[in-house]
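Listed here are the chains, written in short residue letters.
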Amino acid sequence: MGVRQWIEGWPVLRQWSDGDPSGRGAAAKSRVSDELAPRTREADKVVKSICPYCAVGCGQNVYVKQDKVTQIEGDPDSPVSRGRLCPKGSASLQLTTGSARQHQVLYRRPHGTDWETLDLDTAMDMIADRVIASRERGWQWEADGQRARRTMGFASLGGATLDNEENYLIKKLFTALGAIQIENQARV
Amino acid sequence: MGTSFGRGGATTFQQDLANSDCIVIQGSNMAECHPVGFQWVMEAKARGAKLIHVDPRFTRTSALADVHVPLRAGTDIAFLGGIVHYVLQQEQFFRDYLLAYTNAPMIVSEKFADTEDLDGVFSGLDPESRSYDVETWQYEGAEVQAASGKRDQHWQRRTHAGRGEAHGSGGAEIGTEPKRDETLQHPRCVFQILKRHYARYTPEAVEQICGVPQEKFLQVCELLSENSGRERTSAFAYAVGWTQHTVGVQYIRTAAILQTLLGNIGRPGGGILALRGHASIQGSTDIPTLYNLLPGYIPMRHAHSWEDLATFVQGEAAEKGYWGNMESYVVSLLKAWWGPHATPENEFCFDYLPRLTGSHSTYETVMEQLKGTCEGYFLLGENPAVGSANAKMQRLGMANLDWLVVRDFSLIESATWWKDGPEIETGELSTDDIKTEVFFLPAAAHTEKDGSFTNTQRLLQWHHQAVEPEGDARSDLWFIYHLGRRIREKLTAAAADGTQKDADRERDRPVRELTWDYPVKGELAEPDAEAVLAEINGWNADAEPLSSYEQLKADGSTACGCWIYCGVYADGINQAARRKPGTEQNWVAPEWAWAWPLNRRILYNRASADPDGKPWSERKAYIWWDAEQEKWTGHDIPDFKATKPPDFQPEEGAKGPDALRGTDAFVMQADGKAWLYVPAGLTDGPLPTHYEPQESPFPNLLYRQQRNPVRQMMKHENNRFQPSDGQTGSEVFPFVVTTYRLTEHHTAGGMSRWQPYLSELQPEMFCEVSPELATERGLEHLEWATIVTARTAIEARVLVTDRMPSLRVQGRTVHQVGLPYHWGPNGLSTGDAANELASLSLDPNTHIQEVKALTCDIRPGRRPRGPQRIELVREYQQRAGITDETGTEV
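From first to last, the protein sequence lines stand for chains C and P.
Per this note's numbering, the first sequence runs over residues 1 to 188.
Per this note's numbering, the second sequence runs over residues 189 to 1078.
Do not take every clue at face value.
Said to hold, decoys possible - Pulled a few chain C residues facing chain P out of the computed Cβ check, cut under 10 Å:
no.	residue
1	L95
2	M152
3	E165
4	R187
Calculated from the structure, these hints are not laboratory results.
Heads up, the beta-carbon is just placed ideally off N, CA and C, and yes, glycines get one too.
Excised from the complex, chain P in its bound form (with noise of 0.2 Å):
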């Protein structure tokens, strides 16, 4: 949605789905996993508002939809190109949205070649390195992103891997104004280019691909189109059934295409919310604990000779739009870290940021642990052990460090792998042999510490300490504090002895003269959340408040620790935490905590009013320009500068957001508009394709091309791939297998499984078969099966059931296997692990892996105990002619 819109993150709250005519949620399973936030979708249909849902498998969500949609999991590009196509074709789109707040009429460059030329592949694909040169994806005129010509290739190529994520808050910068066909009809325009694209997704092909009916298929494409317009807005849901692929941001891509199109962004009951599965998930990535972001989705620095401050900003920042204002940005969160010690001389201590070569996300973590050179490693709430794809990996990787800190509520599989993981079993590892070091920290709960969560709508919640932690237990917030503290007193010490070397005194600069002394209080000393929160906030040179990015400046005398967070506490008030009830204020509820930006609850909303200002429809009214106060009003707070009327025109030469014009809704993007089509930005391609996923009982049908030929794969002995259509041994995997949650645990099981009430609810593993796969294979209900891919057996309990209907897939008939992926050995609740099966197979861009559709074998009775586990692992590998080379085809 970055690259999309200009905003990693939900464009509107759950409340407003109420107001939709039609809600699609595809890719989730709301009303079970999002239970609570589901009441606003019964809301819209007791209004009378159209419910979709697309999904595998029947659940709650399809029994209240008016429409359920079973497909075959991974093709859900094919499903929404096939709407694309119908709402080009049928002239349903919004035209006047189209012309004012998209890029449709933008012309893109000659050197450009599609899929349709290339068949299933664009221009610019280097085989060798399995990446692709973005240059000719350029609009006309247009250079690529640092025009300083210092890039060189090789570098680019080494930098490639990391920095398709980098641009969660604004698209990448395009280079120059770039040229425009109002009347839509230039061959290379944007609109023309999608038209050709999408040509191929008829509702036959839907039909061939997905295993989706043409009337069905029909039928979402007309309720969506009835309930778009200028009266009527659709919005869209989606959660992890989307992202866990091989082509996972596109699939949200090709759901931002179609939204856009047909002008449901910016606007009430519009939008496409992401529904996230943890807590603070959106914060996470907002205040990244993510290897190729720092704080407010600027991106990290990548290793390079000639790069300093200035070309960093150049590069990374755009001419037009709030990205713009860059630089003040990185100055402040560096004042923010180094304070005194930054000076404009030392370049704010830019220096001190490490830098980057490549991808370092987690997988490719777990392969440094098993080269040995990554020793240590934190998991601070997380079960990688259950909760990560090819799980047996995770494990190997842990047995290979030096150390390992484990902090949890309870003793989760990933801190007792070592005495009882399945290698243990099997006979891969033996404890007496396993040198990791273990310490296990207990940690306090939500309701022992004060802090702040961001929730799916960006709205930053504050949550108040109710009671003391007992025991050891403490919050991370205490833990990283104090670990920090001690590090800086022994690095301190160190420098003062006299012995230390001049390079490594360096070295620990950045540690000793980072900003870190936080009050603390009570007893245990713990750190005082609300002075950190004052801190990402930031403040000016009088120590004063910030109340917006906008303050922010470039020359050393502000500091903000995350600029997208700039407001949160505004007038030294803590605006997370208020909490004026609901029942006291409008739907939009602007008094009840904080959302980033700058509280503002929808998003682009400036594209709820046409372009001279004046709402779309009464109906659908919801920000518009005032012209006797001259200024932007309305239920929310406008996603636009307030001041600037609709008809504004940029002085020649105009920089950041100087430079939008009035009808520049989408104010993050380098040209201010809604992206159809991504010029840059994206590691996989402009335009969303259909790709097979990494193993697919079906050849693609739409191309020659079978997978997303970018896709990141580790290549390892523990993570075979399986052979796909076409290829021998493909028949000996011949099943789908897709994973979910349930309504009663939570992600890895960590807080969940050991937990009475909820154990007692879902009280073992279970996998979800037709009647017809059950006949085919014996399988008995309530009985055990077995699974198996090409990494590993997992049992399950059998359970029967319509819900996961076979569906007819080019003239033959695929049956799929549901797994639900909460358990472990560990806790009162146990089963196998469902990311056991799974490989490492990730998407480009973000480097999520492919669970959500996979092929399998399912078997009857028990999985093998101990060493025969393996075997009848390696008996299936040797069947379907494995090798390392399987399935790693570009």
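With the rest of the complex left out, here is chain C (with noise of 0.2 Å):
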């Protein structure tokens, strides 16, 4: 860098010269600022989404890079939020890809005072076992004399921050169980 360029580039004079006394446009710039290029101009592929926030159904656009999730913004062509999203959705690169989710299953035996790992096929071979026995030891052919057809022997809380697709199996394989305590947030 010559000495021209270097008192050039001196923040001060540019603000002069460039017409921006207060110091709030161009001038502001370093050289470094100046050569930053937002994530979402060197994503792979933007993919269209909805906000899992609250039920205004805010469009997202989610940007990828080398299959990370690397942006989440507003998506202009929706109607309903024409681009916008407020602090939680702004949050929501955050909320998928921070620190602060679990990927490991946890286990906590009965009695147990701290969770262990567990591998996730034999977790869910534990919670099929489990539902088996439950359903049998809680099932009522009659109910007040009636006939009820069903299980008392376990329940299901949870929904509204699921998908249909997800809330329908969760209605069509409990319903088959026999199982009618299936409740979600509309209660609450």
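Combine both chains into one complex, guided by the hints.
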């Protein structure tokens, strides 16, 4: 870098010479910040999505680079949200990629004082056995002297944060198993 | 809204708020809780609309409103009832609309007695069983639902509790064609009953009950009336500030009555917008993970001996309107679930459906857990240890389980209560003693799976998978599909080994015969969500996707998982994934995603035209009859048979949709009309009536009846109720509490308290109190306060603010305490949970708990630790003389 370039690059000088006396425009840029590019520009693909928080249903653009989500922004195409997101929606990147997420199955045995790890396949098998056993123990062919064909042995809570397809399979499977105590946040 | 108009969903869509001339936001803080939707309110305001915010607290919504009306929490029916009275008395109602599209002219049975006659209760109250026999509420000459005569009183009583909400899509059946009086003069016509019922809801009464000065109240009345009618329309927006009460459904009903009287339903800029708080809470009622419903608001079966498919349909379907085709919806659902096993000979496996006996809501489930009957529990993206009323009951229930499965992103309180919950600290529970086996399974995020959410305006929007989930994280679709697959394999093996008893083989048949063969993809064997959507949409005998529920058949030739969603996969195309930019369409944006039913965006939009099919005014034109083309046309898809002319008269004996006249705009209703008065379908009265909340510092000024006589209460030693006004000890809990959300957090915090940005923005639990209350109780800004009820004591930082004004009610000053409810002990941002304070007292229709209005005491300083916390609560209970009977009077 020559002396001339160095002097001309001095922000105070640029502030005055570029007509940006308060230094809140282009003059504030350093060489580093001038060369920064948004993550969105380098994305391999943009996937269309919907905000998972409240029920306004804002459109989201999910930016992906090398199979990682790198940024989530409002989708200007959405006639509902017109590209806007609230603080929660704007924090979706942290929600989905933040360090607070668990990625390991955990197990607490009866009377146990701490978590243990468990392999997913084993956990699924154990859960299936428990559903079958509790269903059987809580089975009622009759209730109040009438045919009931149901089980009171297990219950389920949750669904308002899930997809329609997920709720559909929950209701379908649990109803077929005879469970009736199926509920979600619409009640609270 | 289901009982008033026919469908349990918002009647309009958010963007259309921009066309309103006046918007009332009540029971919602839209600017902070639904900020992006609020842009449409601002859009309306920029076009000259008036904005009214009715809320105990001054919030950002109030700051942007033309009028903010602070009122005492729990008195909205009195406030809205007062407007109904004003509209009737000043003759501000839309007469032509009223005569054409509502049940105002219908004559009600002689046997009906109103709260005017019975000092606050309706005819048919049985104080013993705390329920109403609804027979006397019928129209004259009509009979109760299920005219088969087979329903005995015992069955009615037993099944009563589960039925109030079963009409999310369609009012109840009403029997024969009701009698009418077009002059609206008959003393027993709905219009006159309404006039008498609300006669005592005067501006003076509103002032005394709600603490709203008369001038301010009349200003709201005038703004609403001026901005309704032929040329103008007003809209209402509400949220859980209305639903979470012992009379929650009736809050919404009062708004429905008002909007119907003013002629604001089915028209652009009008309607009632329910603002829901979860991405798919509308979807999870449409495809219900709810005990009392099957997909598409078909009621679950109740246990009684005589019922087969035919009598079930006869009992639940309506003669007239689209519920007249209910058998097609039920049979198609059974075909979707049991495929080739469902045949006409076995009533399409109707016997495979489990039966209810009364209410089995989440709060009854807790009682079953405490009893030990319910021994296993799935928590799928819900955090009841923080989010449910009287959260302690939830934890005690879980501590009595054999096993618990928690699926979430992080270790929420519902997953860790056994080692660090409040009861461990107080010594009520000890980790070593808790037998519950807990499985924590990490869940996939929305970016890691395909699927659809149904938003607050009934819009199904597809989100596409962007990346694969990491580690053990899986979608709930994956979890349920593979759990079902494993269970089926195990039960099939048991059936094949030859030792199983016949009864057990029969018990397992619905599982073994279930259609469960979804294609899977990728390394993780993720089920194809679009294949599930295709089943929800349905297909015909040739496996071609259906495009409308009008194609559904009762003979078993069609299958459809949720009839109101039929059409979402029309032509084999995922309509929910359509994304034509909003800027390339009109404001209705019909090519962006897909709304139920049949992509209609404003419901009952036939009512946007006059009886002859012409728009009520050019300014408010939306759907109209095109005589040349002989069909309905306009900006939206008609919520009406497109070719049925306005002057259509049904043939004698016509049934179902064919029985609807050309003016029956409310096509789901058994009489085609919007219901000002609800002759059947609600458990706590045909007309909204002001009752005080379960716990209130004031007497009911309007009637001797203090509270909703049929509200639901859970009696338990950990769920004691407090005395209300007039009872000794009520002075121990002198303040009103209400709970609410903040912009930066989400519900019970599972998706926000672990996020650094959001936790930094709202780092800690706090309470809002007025300067007057702060002085009275010695509370200091930014210091600690302890809030006490008969259930527990919690602590919070004090925020002294004018935003929570003290009000003058019945000659006294009442202070209100505001509590955000997002916090719990886990995560980055922590605090006590507000819902610990609430009791289990519920709306009898929806079984939703009252957390928006209760009473408390507040004192400076932090709450005691350990067993002393329980001691403090016990001391309060004793001082207030609380027993197991307190507050349980009818």
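**Message:** Does the closest beta carbon of chain P sit nearer than 10 Å to the beta carbon of E165 (chain C)?
**Reply:** Interface hint status for E165 (chain C): holds (4 Å vs cutoff 10 Å).
**Message:** So, as I understand it, the hint says M152 (chain C) touches chain P; can you test that by seeing if any CB pair is closer than 10 Å?
**Reply:** holds (5 Å)
**Item:** Restraint satisfaction for L95 (chain C) [CB to CB of chain P, less than 10 Å]
**Value:** Holds: closest Cβ of chain P sits about 6 Å from L95 (chain C), inside 10 Å.
**Message:** Hint R187 (chain C) vs chain P: min CB-CB distance below 10 Å?
**Reply:** holds (5 Å)
The structure agrees with every numbered hint stated previously.
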